[in-house]
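Engineer: Here is how the chains run, residue by residue.
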Amino acid sequence: MNRFSYVRATDVAQAAREAGAPAAKIIAGGTNLVDLMKYDVERPGRLVDITRLPGLRAIEDAADGGLRIGALVTNTEVAYDRRVEARYPLLSSTILAGATPQLRNSATTGGNLLQRTRCYYFYDVGTPCNKREPGTGCPAIPGVNRIHAVLGASEHCIATHPSDMCVAMAALEAVVRVSGPGGERAIPFAEFHRLPGDAPERDTNLGRGEVVTAVELPARGFPAHYTYLKLRDRHSYAFALVSVAVGMEMDGGRIGEARFALGGVAHKPWRDPEAEAMLRGQAASRDLFERAAERTLRGAKGYGHNTFKIELARRAIVRALEQAAAGTPQSQVDKRIR
Amino acid sequence: MPEGLSGQPLRRREDARFLTGAGRYTADLEAPGALHLHVLRSPHAHARVLGIETGAARTMPGVRLVLTGVDLADAGLGPLPCPAVVRTIGPLVVPDRHALARDRVRHVGEPVACVVAETSAEARDAAEAIEVSYDPLPAAVDGRAALAPGAPQVWMQAPGNQAFRFERGDRAAVEAGFACAAHVVSLDLVNQRVHAAPIEPRAAIGRHDAATDSFDLLLSGQSVHNIREQLAGPVLGVPADRVRLSCPDVGGGFGLKNFLFPEHVLVLHAARLLGRPVRWVADGSEEFQAAVHARDLQGTARLALDAEGRFLALHADMAADLGAYCSAFGPGVPTNSISNAMGTVYAVPAVLLEVRGAFTNTLPVDAYRGAGKPEANYMMERLVDAAARRCGFDPVALRRRNLVTAFPHRSAFGITMDSGGFAEALDAVEALADRAGFAARRAESEARGKLRGLGLACFLETARGAPGEWAAVRFADNGLVDLALGTQSNGQGHETSFAQVAADRLGLPFESFRLVQADTALVARGNGHGGARSLHMGGTALVLAIEAVLGRARRLAAHLLQAAPDDLAFAAGRFAVAGTERGVDLPALARAARDPANLPDGMAPGLDAEADNPSDLITFPSGAHVAEVEVDLDTGEVALVRYQAVDDYGNLVNPLLTEGQVQGGLAQGIGQALMERVVYDPDSGQLLSASPMDYALPRASDVPPLPVRFISVPTASNPLGVKGAGQAGAIAAPPTVMLAVLDALAPLGVSALDMPATPERIWKAIHEASGGGARPPA
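Just so you know, the protein sequences line up as chains A and B, in that order. With our numbering applied, the first sequence covers 19 to 356. With our numbering applied, the second sequence covers 41 to 818.
What the hints contain is simulated information worked out from the structure, not anything from laboratory work. Among the clues, some could well be false.
Which bits of chain A does chain B cover? Going by a derived footprint, with three or more residues having C-beta under 8 Å, they are [said to hold, decoys possible]:
(1) 177-183
(2) 329-338
According to the in silico footprint, chain A covers these stretches of chain B (three or more CB under 8 Å from chain A) [as the list claims (entries may be wrong)]:
(3) 722-729
(4) 794-804
Here the structure is a predicted model, which means the values were calculated and not measured. Glycine included, every Cβ here is placed at the ideal spot set by N, Cα and C.
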């Protein structure tokens, strides 16, 4: 294993200072980073342990009726928090659809945002990879790419973002609070993760030395009409081939506010504002949902093994919208797809 | 068969140990003073090794030894042998497989060098400092493609990458069968490459005693004697009696731990050079890339039928991917093992099996739960269902028409099946399947937007593994009785089942027996576990040893009771003079036998006895299974909603253990049918399914309840009347589940689908069946 030094940060300013050093990497739950270090994918020279930072471990009510989730709150703590369960059941559902109880007990909210892709080639240091070693090429494009992106990919990278939680946060229009050398700032969720473009080594728009401190959820939580539909190779401990998080407000049979985000299909949780706009004010119907799905996938591109995901995503969107409109969310206890 | 504990569903004696964390596995064992070995592996599928620079690694902290292939060559270590005996047409090419690669690497994960250091971390760090210069070469990755013209060449001595050609059967008779057939079905089938994935990774601790130049290897293994045979003479160049192998508890093997691996050689050689114990424990990704894989057979299978649906001939023409080397039994699996089961439970008058073995730049392939029998059964059941569907036969009636019903039955390959309840199992499973009610269930599923399918398959296992087995019964001073066997448990429950067998026959309490296994110093000989052989091979040896014990005991009892041996009756552990109260029990006899003064003239002290079971007879477990699936048309997701097995394993010593064996096999078979597949990048030969994250083993929520109903048709081929149960589930589930999936998809015109039936493949199959353009009905 690569040798590295270790420091335990005692406050956010110190963490930001330490994390700003070249080759430094922040570690919290370690559920992704430690694996990547074992596989030699990540070779940090210094680990900055932020698990003892004060004030990042709480879920607090916000003045606007929303909720502020500290970056170190574990996935389990978020998923089973009574306020989250009552006001943001979509968020609970996405978290419970992912990983295993052991991992969720350790993984943090901030770490979940910063998960790296599960691309086979990214993990295999015996192959080139533009994300791991910029400029070396992307063997996934001509290779085995069944888990790869069909939306927003580039000629340099077709990796997907693996998080379930982030798909809900995208639909909920969460805001990521960060602290760094330039002080504090808020990043709208849609702008937090990046598309690969010609710099696939950058997963997010975090600046050097910036530390995620919290995620803020706006008041609107879609507690009645929501779903998280996750399609995968087996019912647990598997990343999404395609997933859809939906939050809706219904007025009788008519749709009010409507949002949906896709996981497993792009380098970031994928939203299409035009497709969402098509839903607002309309009567819920399969036909409408099919048209919204078509719109979402109009730019989709398959790379061979993953071409099936375009049609799978289309159908998953329709089903998820139907589930949300009907108020019959996908169960994450019995994960068989209804 | 004596009444008593045999046949009782006793809970396992070993479970208390396992469930409380008191099991002792190789990696748990202390080895004072031990060094740690780490293997540096090839990152390339195929490359010339231009040079290995180890200077920096040798000077790193804690490093005691760095070895490369050249060092092993200088030390005179031989290549790992391939003891498989296959009657091929022309030669079987067995390239030298050295514990460390020499001038070329031929698969990702092949050992290139190793470091031995004071700690595992130091060994890993130093391995990173070894600089290997490689000249990468094009890789052959797929078995069938490797045999095609123009493929990259893995071995000079195997032109066209062909390791062997194998043919068994009567070609003229098969051609005649097809010539006069009313119906012929032909399928292109892939039995994909899978990984056994036992939960305990391989591990070993090697020791060497310089004074006697003898070796000691503790390992997680399934077959200490066979591994020693491969290791001692061929590799180390020493007599077998100077090499001791033993296994503590073993956390699953499924075939994979039957083989000699390069790491076994490395820990022993390093221990010899350094004079200290050397330990090695595989990590998870090493197991995926560097243990062995399994199955990987693809080709065409054809079945000829007459107008009434009677089978006339069966022909399979297959390519078997062996990987980069011939693993120990690698060439035997797609040849000998498949051919034993060809035609399975059906009377097929003419059978021809043609197999070409291919070398590829992938991990070697070897036996895994079923080894050849899953392949034979999968192709047969796919053919039978396809024939029924295409020619308009009812699938159950077509099976029933062709089942073997008269025993003994001699197969087209000359294998005699002594007994079986094939028709009985089919009748029972058909009744349990409630076929009459299926239309209603299908309609109910359709109302929920799901396609429902019912798959019903028969299976035949040809269980034996290596022929012959040894056992001994030894009376200890403390009143306990050791049962020593040459078979090995790697979690099956031998401490329970063999004690049941012995308790009934010796009339002693169940608790008085201790199992002695997996140690060449304590077990004279044996063939370990593999091929579902332990109970019928080892159990028979045990019965013979018990009979020998009772013969000695009777002689002593007669002497002590001053009666004729034939006047003694043995019951409940006591010899008694018929018609009197006079008698003596077995523990008393065991004590008395220690003192020569008590013995009749010419009798050696002690009651201990051993026996060899010379049998090479195969047992023929069989059954019929039914599965129902629901396929979600929008997503391609398959839900296995119902499964029922009806199986014949002859007499059951412990039905609870048998059921567990069947269910475990079924879970692995369901995994192969629905999710598992080893994937190499077709261009670079990089292993893409190299972790439990990327290689989908089924989890609890993927497996429905698996009820097993037993019908018991005892076999006369062994005194217990038992048939091997360990592999059956992994043989039966893949065809059963796949036929259910195909039944569900049949209304859409889907007839071609390979395992694993993932959502993606289902979707593609639907898409292709609908003409490629149109979207299937949702």
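Engineer: Are the hints correct? Go through all of them and say.
Structural biologist: Results of checking the hints against the structure:
no. : hint    : in the structure
1   : 177-183 : violated (count 0)
2   : 329-338 : holds (count 6)
3   : 722-729 : holds (count 7)
4   : 794-804 : holds (count 5)
Hint compliance for this structure: hint 1 is the single one not met.
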